[in-house]
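Fit chain U with the ligands to the supplied structure of chain P, relying on the hints for placement.
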Amino acid sequence: MALNGIQIFKLTPKKNCKECGCPTCMAFAMKVAQGAMQIEQCPHMSDEALASLSEATAPPMKTIKIGTGEGEFTLGGETVLFRHEKTFVSKTRYAVALCTDMSDAEVEAKLAEIPVVDYERIGERMHVELVYVNCGEGADAAAYTALVEKAKGLGRTLVLGCTDPEIAKAALEVCKDGKPVLNGANASNYEAMNAVATEAGVVLGVSGNDINELYDTVAALEKLGNKNLVLDTTGADVKETFKNTVLVRRAALKDQDRTFGYPSLVNLVKLAKGDKHLQAAYASLFTMKYGSIVVMEQMTYAEALPLFGLRQNVFTDPQKPMKVEPGIYPLNGADENSLVVTTVDFALTYFVVSGELERSGVPLNLVINDAGGLSVLTSWAAGKFSGTSISNYIKENVEPKVKCRKLVIPGKVAVLKGDLEAKLPGWEIIVGPREAVQLVKFLKDMQA
Amino acid sequence: MPFNQKPQKFNAKINSVTIGSGEKTVTFGGDSTFPFYTFDAPSENTAKIGVEISDMGLEGMSEGVKAYYEGASTMGEIAKKAAAMEGADFVALILEGGDPNGENKPVEDLIAVVKEVAEAVDCPLVVEGCKNVEKDAELLPKVAEALQGRNALILSEKEENYKAIGAAAGLAYNQIVGAESAVDINLAKQLNVVTTQLGVDAKKIVMNIGSAAAGYGYEYVVSTMDRIKGAALGQNDNMLQMPIITPVSAETWGVKEATASEADMPEWGPQDDRGIDMEVMTAAADLAAGSDAVILRHPESVKTISKMIKALA
Ligand code: B12
Ligand code: SF4
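Protein sequences appear in the order of chains P and U. So the number in my numbering is just where the residue sits in the first sequence, counting from 1, plus 1401. So the number in my numbering is just where the residue sits in the second sequence, counting from 1, plus 3.
Same shape as in the complex, but just chain P (with noise of 0.2 Å):
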């Protein structure tokens, strides 16, 4: 991948004629080697040293975009195989798979299910965010054209499975503009299926019988000028998939292999039909490792909650906690005479614990101290949530404020009830259920 000063210096046109603003034509490479500056800074340099430059100092993985508008993402991109050494740039997205071997009801039924799953968790929209649309065998042009306008309805962006060029390019003119994914090519269809989708200029799906018929065919589809891509690697059983689905990305960021860096799709229909809980293990499987798009047969909630906060905390900065500013929030109207429950600054803990709190109804303030984006026993036992640091707040920042002398505290910090007590005279300290869910009762019975 990167090249060395000398490599670059190689490349250049060797005047050293200092209109780059560097001595010499060395010193120029050396600096573009360090990323101080930019190849295009000196205005000698030939278009074929630039074209091999910009070839050599390409990013290992593809970043390509599916989608429009509200449905439009970015698979790919990525620079390292585990989250701790930089953040995931690019989260898995999941597809509802439709087939054209499913009886109408079976597809009303799945239109009907797909947009029920919808939410907000910690501020971004959770919801399925592609529909597969699967061209089954002996299906005809109208068969399946009729589908893609059904799933169309849906609006979201689609990926539809078809290895048969006519039939596909029959479905791309009703679906085109909205950037679908056509998924499949493979090594005996590749050039017609390149001719389809570029004429429609979409992201094209290349499959293989095995990794290295994979390899070929991504090869030739490159040959031919395709660079806009994304890599099926579900193989026959889940095993071949796991090792194809890792193997591609290690080789092109480990091995800088750029014929694999292209962004994967796993189809876990194929791997484990009819089975749910066994595609919950598997959707889980491949957003850990490496899967860019994964298409399951179904997303009710049951399979949405894990699936969501399991790639939501995946594809975090390792960096930094999401944190929430911490002050006097009050809920559901509350005022001046209204109790009040306090908890950490944590982003997750606080949407949690306040989705609850709303839920109740009851007006309440919630006080929320700086924990430094901890959660309550982590924040706990760093002592970043004391008896202390409770009380303080409390004193300088709620007293003004507030006239109600009930603070109550999460269960998890049970035993900082005495120390609040004794220092912060005057309140009533109630210790509160250990998890959040079991707020609403908890208040409920409080009032009664």
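Think of the hints as simulated: they come from the structure by calculation, not from any bench. These numbers were taken from a predicted model, which means no experiment stands behind them. Incorrect hints may appear among the rest.
As a list, the in silico BS3-like pairs of lysine-lysine whose alpha-carbon atoms are at most 30 Å apart [claimed, not checked]: (1) P:Lys1628 <-> U:Lys9; (2) P:Lys1492 <-> U:Lys313; (3) U:Lys9 <-> P:Lys1813; (4) U:Lys9 <-> P:Lys1671; (5) U:Lys134 <-> P:Lys1818; (6) U:Lys9 <-> P:Lys1487.
Residues of chain U clear of chain P, computed beta-carbon distances all greater than 12 Å [said to hold, decoys possible]: (7) Gly25; (8) Gly33; (9) Tyr221.
Just so it is clear, CB atoms sit at the ideal spot from N, CA and C, and this is done for glycine as well.
Positioned in the frame of chain P, the structure of chain U with the ligands alone reads:
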């Protein structure tokens, strides 16, 4: 040019630690690759699954779990059914009733439960304390004593009580020591170092590096496991080569996704399904990151994860 598949070979491996005695034993660890990377080197030993049961019986368990244990009224009967679960490799008894902030059951009562379970089943046993460091320091040495000859895994010694528990389990009663730390590679290593300094054989330690449910600070679990496996294999760090066991169910069945009733959250659908998927997805992620054994609760989760492990072996 054809694809040049470059295997990633390590000259180190995760320790093989066997628990149980007699006919029925189970071995954790043993591999020299990242989890399920059988394309780099063949796997010598697959990941294992334990079924969690509690001294509190079926109290607080989900409907599906209760249905599975129907008819079992004593701890011995519950243990038998747990051991018979499809996909189960061992039974994990958690003594949560010992928690001073909860039921605060006396140590003698808990030891009676341990003995009842041990008599009922001959499969490998893991016994977990109540998580309170002082109570565990008193309780777990007695557990280790009561289970002499069973070669059980005692979960867990922590930084605060490793001397009492590590010495009793690892030295006096010759059990396997579970070393529990809080999602941090340095803490995990430090605890292994001090435990071996007590004289405990490094090959008789299993780590619990901490866990969380998917979506609940889980990114730290992923990165801690990634880094531990990386150091154990890539740097041959023998203070991090202990296999990892992760109690999954105790985390996942407590979060809202699993505990909110369908009456409260109608759009979320059946509660048991949510609990199972939370357990299954967290377990799958743990295994992908580096757990050599997971502890689960629901029969459907045990069956599913067992299928996944076999399919990837
Ligand atoms: C991720 C994590 C970390 C991350 C921090 C992430 C973060 N931003 O907080 C890191 C790796 C940095 C970390 C570090 C440490 N951690 Co830590 N960590 C965890 C872990 C795995 C998950 C925490 C989490 O995100 N929970 C999710 C949030 C939503 O939970 P929560 O804030 O508690 O909120 C829930 C309830 O408390 C309740 N609630 C919240 N507010 C309120 C308010 C009211 C009124 C009510 C009623 C209820 C309520 O509702 C929420 C949902 O139910 C836990 C183990 C676990 N599984 O919980 C250990 C854990 C919390 N950590 C622990 C420890 C010891 C530490 C360290 C001190 C280790 C060390 N010695 O260095 C450090 C301290 C940090 C530091 N020095 O900077 C221990 C605490 C032990 C104890 N009982 O005291 C735990 C329990 C692990 C363990 N089993 O040992 N940790
Ligand atoms: S501008 Fe180009 S040719 Fe002139 S010194 Fe800089 S690198 Fe050399």
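Hints, one by one, checked against the model:
no., hint, verdict
1, P:Lys1628 <-> U:Lys9, "holds (24 Å)"
2, P:Lys1492 <-> U:Lys313, "holds (28 Å)"
3, U:Lys9 <-> P:Lys1813, "violated (48 Å)"
4, U:Lys9 <-> P:Lys1671, "holds (27 Å)"
5, U:Lys134 <-> P:Lys1818, "holds (20 Å)"
6, U:Lys9 <-> P:Lys1487, "holds (23 Å)"
7, Gly25, "holds (32 Å)"
8, Gly33, "holds (19 Å)"
9, Tyr221, "violated (4 Å)"
Against the hints set out earlier in the document, violations occur for numbers 3 and 9.
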